[in-house]
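Take the sequences, apply the hints, and build the full model.
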Amino acid sequence: MAVADNNIMQGAGGRLALLRRAEPVAIPVLALVAGLGVFGLFLLTQGRSPLAFMAYVWQGGFGSAFSWQNTLSRAAPLLMAALCVALPARLGLVVIGGEGAIVLGGVAAGALALPLAAAPGAAAVPLMALAAMVTGGLWIGAAGALRHYRGVNETISSLLLSYIAIALMNHLVEGPLRDPASLNKPSTAPLAEALHIGDLPGMTVHWGLAFGILACLLSWVLVEWTTWGFAARIAGGNVRAAQVQGLPVGRLMVGFSALGGAFAGLAGYFEVAAVHGSANASLAAGYGYTGILIAFLARHNALAIIPVAILLAGFDASSGLVQRRMDLPDATMQVLQGIVFMAILMSDAAYGRLPFLKAKG
Amino acid sequence: MDNNLGLWAVPLAVIGGAIRVSTPILFVSLGETLTERSGRINLGLEGTLVLGAMTGYATAVMTASPWAGVLVAALAGALFGLVHGLICSMPRVNDIAIGIAMMLLGTGLAFYFGKPFIQPAAPDLPAIPLGGWSSLPQVQAALNINVLFVIGIIAALALAWALRATRPGLILRVVGDSTDAARALGLNPALIRTAATALGGAFAGVGGAYLSLYYPGSWNEGISSGQGLMAVALVIFARWSPVNCLWAALLFGGAGALGPALQSVGVTQGYYLFYAAPYVLTLGVLIATSSPSRALSGAPGELSITK
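Chains as they are written, first to last, in the numbering used here: chain G, 1 to 361; chain L, 1001 to 1307.
Hint data in this document are derived by calculation from the structure and do not stem from the laboratory. We treat Cβ as the ideally placed atom computed from N, Cα and C, and that holds for glycine. Honestly, I wouldn't trust all of these hints.
Claimed, not checked - A partial selection of chain L residues facing chain G, derived with a Cβ cut-off under 10 Å:
{"no.": "1", "residue": "P1091"}
{"no.": "2", "residue": "R1092"}
{"no.": "3", "residue": "A1097"}
{"no.": "4", "residue": "A1101"}
{"no.": "5", "residue": "M1102"}
{"no.": "6", "residue": "G1108"}
{"no.": "7", "residue": "Y1112"}
{"no.": "8", "residue": "K1115"}
{"no.": "9", "residue": "I1236"}
{"no.": "10", "residue": "Y1275"}
{"no.": "11", "residue": "A1277"}
{"no.": "12", "residue": "L1283"}
{"no.": "13", "residue": "I1287"}
{"no.": "14", "residue": "P1292"}
{"no.": "15", "residue": "I1305"}
To be verified - Simulated DEER-style distance windows between Cβ atoms:
{"no.": "16", "chain 1": "L", "residue 1": "G1266", "chain 2": "G", "residue 2": "A122", "range": "47 to 57 Å"}
{"no.": "17", "chain 1": "G", "residue 1": "G92", "chain 2": "L", "residue 2": "R1164", "range": "32 to 42 Å"}
{"no.": "18", "chain 1": "G", "residue 1": "L218", "chain 2": "L", "residue 2": "A1181", "range": "44 to 54 Å"}
{"no.": "19", "chain 1": "L", "residue 1": "V1265", "chain 2": "G", "residue 2": "Q243", "range": "48 to 58 Å"}
{"no.": "20", "chain 1": "G", "residue 1": "L16", "chain 2": "L", "residue 2": "D1180", "range": "28 to 38 Å"}
{"no.": "21", "chain 1": "L", "residue 1": "V1243", "chain 2": "G", "residue 2": "A117", "range": "53 to 63 Å"}
{"no.": "22", "chain 1": "L", "residue 1": "N1188", "chain 2": "G", "residue 2": "M203", "range": "55 to 65 Å"}
{"no.": "23", "chain 1": "L", "residue 1": "V1243", "chain 2": "G", "residue 2": "Q243", "range": "35 to 45 Å"}
{"no.": "24", "chain 1": "L", "residue 1": "T1289", "chain 2": "G", "residue 2": "A281", "range": "30 to 40 Å"}
{"no.": "25", "chain 1": "G", "residue 1": "G352", "chain 2": "L", "residue 2": "E1221", "range": "40 to 50 Å"}
{"no.": "26", "chain 1": "G", "residue 1": "A241", "chain 2": "L", "residue 2": "G1301", "range": "20 to 30 Å"}
{"no.": "27", "chain 1": "L", "residue 1": "V1243", "chain 2": "G", "residue 2": "R150", "range": "21 to 31 Å"}
{"no.": "28", "chain 1": "L", "residue 1": "G1284", "chain 2": "G", "residue 2": "P24", "range": "32 to 42 Å"}
{"no.": "29", "chain 1": "L", "residue 1": "V1265", "chain 2": "G", "residue 2": "G175", "range": "12 to 22 Å"}
So, in structure tokens, the structure goes:
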């Protein structure tokens, strides 16, 4: 009996290998569908049609060139916010404070608007982006450092840091960095025309999208194809084993957290330089929190973040249309995100257990 | 008598604020202590707090009874805790990540169903005017103590006793310290953890009802701003002791009251920085009390967050 089983396993080897590769894609997709199904039931209890909901999401997020551009513009910060979760996750860290890095990155860029007003754009633009990345990197890198050197749980510390960042932004934007001309909405000084970031050629989507995708590609190469990424994955699997091997676990933790934070800071930079034109409270738009969901949906794979972020950005972009046409509160999308997130996390229990993903034997 | 207290108004307002602001933090941290003592962490209590605030307020509006509101908030919290507990009993499911998802879902549901209740006014929970002896309105205001605060103190003492001296308390501690030892005793760890998570959720729900029914005493979407999460962090500071939770909650309530107190005497500079004080204090306390090398004293052995 055992021998027969063994033979079948070998005979089905190719099929089994294929199934092994299919599982990490199939399970999140099934979980997403299941989550949407539960949300559909929720809509039914509210007397709303789930099919109409999906139709409006399609129309508002992906149905026309206009909605695609809206979706892709929103995808830009989400790509970078998701990396802020996915990169530290390779070391087993659950960082949820990306919102703080986005906000402070944006403020750092906005703070340079006045000193760089007269500087040539070619020098000033990279300087502002760099300032945003360094600020975001320090913020999340601190959570990684606290985890390694002080044993402070990074989930709680990063979220506390995020609340502190938002308070700091409010303080700076209403006080020391406030442009006296900004009356009812306190903002930093508006960026000089030369410092604005325009759209990608032939589209009305700003350059943040290209940099977001580039960041995902670079992160993927880093994690999958470099020794640092390999070391990080070992440390994420088993910290003790990594330490025994002499891997610099502390530096990896701080480095991966800081890199994730730097990308989130860059998202803040693009929000300032390409969307708002100055730093103000609209920087805290919740991209950091949607980024958490995207990273988990993508199973912390930087390449998978790209389609998932575009999907979630489409939901985001359509939310105004859905609310108006179906007379739903603006928290509807948050309920949807919560349910989908729960479904994704519950699907962790399904790995290796789905009957149709097993070789017949 | 002169009603102008000058700078003395600041410590008085901080004490009064500590008593007023600490109650939700106290209830959430008591609930989280129970949950963490069973070996599980529930980061979703921030969502439970907001959900408790909404259900409590909505019930009080509809029944005209604030106590019915507290009861429904406790039930909603227990239900949410139950869901968290059941999901975390599944294999390979990460309790910290589930907590983040529950936080998102709880606030989402509260905002979704709470929309129609932003306008109507609910009856407030009663307060005990312990400052009635004083002719100073500031003293009277500071010592106006809500019944739920008193209940919270009693609950903290009762929980401390129950954990130390009763059979359910012992069972909870065994399950929290070693799953294997609990199994050897014929206990069902998953079941007990789920019950502890549900009970912890009920505490957090009551904390939420206090927010919407007493202080600040209205329902809106910015009602919690991370207090539930701070309470979860505070449990580490309080070393999983219910009585320490009381002191920690008072300390953090006072920190939260500092900004408004200074503003009331005319110090408006850096208002937002004072607003950040409780978060900075929580983070500082976490850094000071954590250690990279050894388990924290008093930490339940099965708790993932301290490993």
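How the hints compare with the structure:
| no. | hint | result |
| --- | --- | --- |
| 1 | P1091 | holds, 5 Å |
| 2 | R1092 | holds, 5 Å |
| 3 | A1097 | holds, 5 Å |
| 4 | A1101 | holds, 4 Å |
| 5 | M1102 | holds, 7 Å |
| 6 | G1108 | holds, 3 Å |
| 7 | Y1112 | holds, 4 Å |
| 8 | K1115 | holds, 4 Å |
| 9 | I1236 | holds, 8 Å |
| 10 | Y1275 | holds, 5 Å |
| 11 | A1277 | holds, 9 Å |
| 12 | L1283 | holds, 5 Å |
| 13 | I1287 | holds, 6 Å |
| 14 | P1292 | holds, 4 Å |
| 15 | I1305 | holds, 5 Å |
| 16 | L/G1266 / G/A122: 47 to 57 Å | holds, 48 Å |
| 17 | G/G92 / L/R1164: 32 to 42 Å | holds, 35 Å |
| 18 | G/L218 / L/A1181: 44 to 54 Å | holds, 48 Å |
| 19 | L/V1265 / G/Q243: 48 to 58 Å | holds, 53 Å |
| 20 | G/L16 / L/D1180: 28 to 38 Å | holds, 34 Å |
| 21 | L/V1243 / G/A117: 53 to 63 Å | holds, 58 Å |
| 22 | L/N1188 / G/M203: 55 to 65 Å | holds, 58 Å |
| 23 | L/V1243 / G/Q243: 35 to 45 Å | holds, 38 Å |
| 24 | L/T1289 / G/A281: 30 to 40 Å | holds, 33 Å |
| 25 | G/G352 / L/E1221: 40 to 50 Å | holds, 41 Å |
| 26 | G/A241 / L/G1301: 20 to 30 Å | holds, 22 Å |
| 27 | L/V1243 / G/R150: 21 to 31 Å | holds, 26 Å |
| 28 | L/G1284 / G/P24: 32 to 42 Å | holds, 40 Å |
| 29 | L/V1265 / G/G175: 12 to 22 Å | holds, 19 Å |
Of the numbered hints stated above, none is contradicted by the structure.
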